[in-house]
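Trainee: Chain by chain, the residues run as shown.
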Amino acid sequence: GAGVSQSPSNKVTEKGKDVELRCDPISGHTALYWYRQRLGQGLEFLIYFQGNSAPDKSGLPSDRFSAERTGESVSTLTIQRTQQEDSAVYLCASSYIGPEAFFGQGTRLTVV
Amino acid sequence: KNEVEQSPQNLTAQEGEFITINCSYSVGISALHWLQQHPGGGIVSLFMLSSGKKKHGRLIATINIQEKHSSLHITASHPRDSAVYICAVPRETSGSRLTFGEGTQLTVNP
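Chains D and Z are the protein sequences, given in the same order. Residues 1 to 112 in my numbering are what the first sequence lists, from first letter to last. Residues 1 to 110 in my numbering are what the second sequence lists, from first letter to last.
Looking at chain D on its own, in the form it has when it is part of the complex (with noise of 0.2 Å):
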């Protein structure tokens, strides 16, 4: 596609399940990130992706956060067992060489 493409655009859960959220960064892009932003904050980094190379996952808050990436194609982070604490705008971003990012337009999670 032409440009990164997250998946859904909004999603609402219950307190206690788990969630799956898609991105499909741009065709050809090494690196992804997922980064997300919880009223009010500003924006925090959760996981790296670079090729073949295993992920920087430093920025993962607890345990039930997790992603995956197959190659260089779509990624998905799963949170499970969410809490209302995980309510926030969860966005993804791709690029190929250098330090250039291009953004999706996030997904808005929403644990009631």
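Here are the simulated lysine to any residue pairs, SDA-like style, with alpha carbons at most 20 Å apart:
1) Z/Lys55 <-> D/Glu100
2) D/Lys11 <-> Z/Gly40
3) Z/Lys55 <-> D/Phe102
4) D/Lys11 <-> Z/His38
5) D/Lys11 <-> Z/Gly42
6) Z/Lys53 <-> D/Glu100
7) Z/Lys54 <-> D/Phe102
8) D/Lys11 <-> Z/Pro39
9) Z/Lys54 <-> Z/Lys68
10) Z/Lys54 <-> D/Glu100
11) Z/Lys68 <-> D/Glu100
In silico negatives: residues of chain D with every beta carbon more than 10 Å from chain Z:
12) Gly16
13) Glu20
14) Ile26
15) Gly28
16) Pro61
17) Gln83
The following label-pair restraints were derived from C-beta to C-beta distances:
18) D/Ser58 <-> Z/Thr107: 30 to 40 Å
19) Z/Lys55 <-> D/Asp18: 43 to 53 Å
20) D/Thr78 <-> Z/Gln14: 38 to 48 Å
21) D/Leu39 <-> Z/Pro8: 12 to 22 Å
22) Z/Gly16 <-> D/Glu20: 38 to 48 Å
23) Z/Ser50 <-> D/Arg22: 26 to 36 Å
To be clear, the hints were calculated from the coordinates, so they are not data collected in a lab. Model, not experiment: these values are computed from the prediction. Where a beta carbon is used, it is the ideal one built from N, C-alpha and C, also for glycine.
Given the structure of chain D, go ahead and fit chain Z onto it with the hints provided.
Mentor: The following block gives chain Z in isolation, referenced to the frame of chain D:
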């Protein structure tokens, strides 16, 4: 002290005014991003610059690498410019995760 600091945090302007948003950073960088975030949460990359100045329409971004400072200017501001403007820098020169400023909430009144 945050690695990326923006000022002001909030800015209200009248339509037509010239607007400046500032960003200071403490890490060594290869490039700096200016991003625009609208109320729905989606982010648009406005500029990525590593030196000098870039212009796109009514938007101008400048960077001074020695002083570790960048500014985003909006000329002839319009209500549709109302958004959060975010400065972001990569941690490493080869391209990596971004560290974000807290953002500047801009409101342009008609």
